[in-house]
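A.B. asks: With the hints as constraints, model all of the structure from the sequences given.
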Amino acid sequence: MSSNIPNISVVVPIYNGENYIGEAIESILSQTLMPIEIIIVNDGSTDKSLDVINNYLGSVDVINIPHSGVSKARNVGITAAKGDWIAFLDSDDIWLPNKLELYAEAMASFPDSIVFYSEFSLLEVDLHGDFPTANYSGKLNSDINCDLDHSGWIYHQLLLTNWVLTSTALVKKSVFETVGMFDESLVIAEDWDMFLRISREGKFYKIKQPLSLYRITPNSLTKTIKPVDYIRTVLDSAIEKYGYTSPDGQEVDWREFRRRAYVRQYEYGLAAYKNKWYSNCKNSMSGAIKCKPLSIQAWLYLFSATFFTFFNLDKTRS
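FYI, the numbering for the sequence shown is 1428 to 1745, going by this note's numbering.
Note that these hints are calculated values from the structure, not bench results.
Note that the Cβ used here is the ideal one computed from N, Cα and C, for glycine as well.
Careful: at least some of the hints might be erroneous.
[Claimed, not checked] If you anchor each label on the Cβ, the simulated ranges turn out as follows:
#1 I1666 / Q1724: 23 to 31 Å
#2 D1574 / R1627: 27 to 35 Å
#3 P1720 / N1443: 41 to 49 Å
#4 R1685 / G1471: 36 to 44 Å
#5 F1730 / N1434: 54 to 62 Å
#6 D1574 / N1491: 36 to 44 Å
C.D. replies: Okay, here's the thing in structure tokens:
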């Protein structure tokens, strides 16, 4: 272990997470390398989340704010943090015990990186709708393996998908002074937007082993169709501002970019059609067709959505 131990602040936003916040906090307190502080930002929870958090007073700092969304909560935590580095953990996710220790080792070896992240494992409900008891005891393999394909200048890779789960991310705090804070107008994809912006400023380093457990809840926010295609908004904005090339000259894989763009826009368009958001469906299917002109399904939905829009059956604004 390097003697140059980084000052890490942990920011945990929470909204009505009474069932999981205790496990999240315990996973931080079980780290083999402790952060200098744990900041819990209570985003106006109305359940018993605060009661659970209060059991850890003395080990965590709590900031209470009116319910404003995860971006606002993270921004409040970032602003309050005293560390040089910010580690994020969502209130329903879990860290493995030597996560921060391995990150510190990677930071010592790759001091020019401004974001460190890792792979993660899924924690899903069983057939009865229950989560298994998370096992985060016991130390992982201490070897650090770098994922070369998703390290370095990765803006062009982030145009394909968001490879960085927020609960795995460790970000140099000074970066936020340059790129700004999380966009509080985004209901989803706020993390993707942030990492796209950061990837214009410096290198990322990915540890090729899972160091976090990502809980998939049945009512996950990202699984719910929104009346705005936030992912397309984020990507279009980045491309308009930065183009398709990373600062070191690496360009996006065009075939893979078109394939993924088609799938995203077709799937959003299909969900919008089922919700009778026909204007949204038209826009998405048009985008899908640009990526895959011979898609018969996309053309059929486009014509159908156009028909329903013409007869004022569109419920996009309702």
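A.B. asks: None of the hints should be skipped; say for each whether it holds.
C.D. replies: Hint-by-hint comparison with the structure:
| no. | hint | result |
| --- | --- | --- |
| 1 | I1666 / Q1724: 23 to 31 Å | holds (25 Å) |
| 2 | D1574 / R1627: 27 to 35 Å | violated (20 Å) |
| 3 | P1720 / N1443: 41 to 49 Å | holds (45 Å) |
| 4 | R1685 / G1471: 36 to 44 Å | holds (41 Å) |
| 5 | F1730 / N1434: 54 to 62 Å | holds (58 Å) |
| 6 | D1574 / N1491: 36 to 44 Å | holds (38 Å) |
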